[in-house]
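Throw the hints in and build the complete structure from the sequences for me.
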Amino acid sequence: GNSVTQMEGPVTLSEEAFLTINCTYTATGYPSLFWYVQYPGEGLQLLLKATKADDKGSNKGFEATYRKETTSFHLEKGSVQVSDSAVYFCALKTNTGFQKLVFGTGTRLLVSP
Amino acid sequence: DAGVIQSPRHEVTEMGQEVTLRCKPISGHDYLFWYRQTMMRGLELLIYFNNNVPIDDSGMPEDRFSAKMPNASFSTLKIQPSEPRDSAVYFCASSLGGSEADTQYFGPGTRLTVL
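Chains A and B supply the protein sequences, listed in that same order. As numbered in this note's numbering, the first sequence has no gaps in its residue numbers, which increase by one up to the final residue, 113. As numbered in this note's numbering, the second sequence has no gaps in its residue numbers, which increase by one up to the final residue, 115.
Hints listed in this document are in silico derivations from the structure and should not be mistaken for laboratory results. We put the CB at the ideal spot given by N, CA and C, even for glycine. Honestly, I wouldn't trust all of these hints.
[As the list claims (entries may be wrong)] Below, in silico cross-link-like pairs of lysine-lysine (DSSO-like), each with a Cα-Cα straight-line distance of 27 Å or less:
{"no.": "1", "chain 1": "A", "residue 1": "Lys100", "chain 2": "A", "residue 2": "Lys52"}
{"no.": "2", "chain 1": "A", "residue 1": "Lys60", "chain 2": "B", "residue 2": "Lys78"}
{"no.": "3", "chain 1": "B", "residue 1": "Lys78", "chain 2": "A", "residue 2": "Lys100"}
{"no.": "4", "chain 1": "A", "residue 1": "Lys49", "chain 2": "A", "residue 2": "Lys100"}
{"no.": "5", "chain 1": "A", "residue 1": "Lys49", "chain 2": "A", "residue 2": "Lys60"}
{"no.": "6", "chain 1": "B", "residue 1": "Lys24", "chain 2": "A", "residue 2": "Lys49"}
{"no.": "7", "chain 1": "A", "residue 1": "Lys56", "chain 2": "A", "residue 2": "Lys100"}
{"no.": "8", "chain 1": "B", "residue 1": "Lys68", "chain 2": "A", "residue 2": "Lys52"}
[Claimed, not checked] Per the computed footprint, the stretches of chain A lying under chain B, defined by three or more beta-carbons under 8 Å from a beta-carbon of chain B, are:
{"no.": "9", "region": "41 to 51"}
{"no.": "10", "region": "99 to 113"}
[As the list claims (entries may be wrong)] Per label pair, the in silico range of CB-to-CB distance:
{"no.": "11", "chain 1": "B", "residue 1": "Asn51", "chain 2": "A", "residue 2": "Phe18", "range": "16 to 24 Å"}
{"no.": "12", "chain 1": "B", "residue 1": "Glu18", "chain 2": "A", "residue 2": "Phe18", "range": "21 to 29 Å"}
{"no.": "13", "chain 1": "A", "residue 1": "Asp54", "chain 2": "B", "residue 2": "Glu18", "range": "33 to 41 Å"}
{"no.": "14", "chain 1": "A", "residue 1": "Ala17", "chain 2": "B", "residue 2": "Pro70", "range": "34 to 42 Å"}
{"no.": "15", "chain 1": "B", "residue 1": "Met15", "chain 2": "A", "residue 2": "Glu76", "range": "44 to 52 Å"}
{"no.": "16", "chain 1": "A", "residue 1": "Asn95", "chain 2": "B", "residue 2": "Gly42", "range": "39 to 47 Å"}
{"no.": "17", "chain 1": "B", "residue 1": "Glu44", "chain 2": "A", "residue 2": "Thr28", "range": "16 to 24 Å"}
{"no.": "18", "chain 1": "B", "residue 1": "Pro81", "chain 2": "A", "residue 2": "Glu16", "range": "48 to 56 Å"}
{"no.": "19", "chain 1": "B", "residue 1": "Asn51", "chain 2": "A", "residue 2": "Lys52", "range": "26 to 34 Å"}
{"no.": "20", "chain 1": "A", "residue 1": "Lys60", "chain 2": "B", "residue 2": "Ile5", "range": "19 to 27 Å"}
{"no.": "21", "chain 1": "A", "residue 1": "Lys52", "chain 2": "B", "residue 2": "Lys68", "range": "16 to 24 Å"}
{"no.": "22", "chain 1": "B", "residue 1": "Glu14", "chain 2": "A", "residue 2": "Ser3", "range": "16 to 24 Å"}
{"no.": "23", "chain 1": "B", "residue 1": "Gly16", "chain 2": "A", "residue 2": "Glu76", "range": "46 to 54 Å"}
The structure is reproduced here in structure tokens:
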């Protein structure tokens, strides 16, 4: 079946540190891949997406590249801020006509000043 | 646009009671999704609708759960009777169709506590 695996959290960093959150997936065909972010007390919101192999999604300094050969979509940011503290979810959607997103378990990021 | 609106934001009830959660999607969106989030199970899709029609309810836990979408601007998720294990945050999300269907917009959630 389709699934997403994320690294366990929490990830604890100091401000301005480099961030990587690993995400790998299992899917039939060629899925679209997403990163959603959930700030405390809020719903999820789309951070970035990529719809085909080698595409790079980017937003707010975050980047992720769709790597078909390694079935990965790792999230990176060069310099994190305290305001980036949140839970990050990797997700996929298969191109089967159904609109279901399959989410990973989420990775909590804590950034200290 | 006000975004996806959910009510109530918090609900505390006793085991055996009926609970109704409400959602107003973003105007013009074709899809509506109900999710449940818990520490143990993460984020689970319960059911989703397309143009008010339920498409996939395979995530609905059991017959105690039911969802309706009587029109394009309103949906309910009902639990009857409620049990302590139903305690969770329930999210509603909506999206456009076509090429924009990938992006789901989430509401703020309803935190349900069943005592």
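(request) Run the structure past the numbered hints and jot down the numbers of the failing ones, going up. (result) Hints 2, 8, 11, 12, 13, 14, 16, 21 and 22 are the ones this structure does not satisfy, whereas the remaining hints hold.
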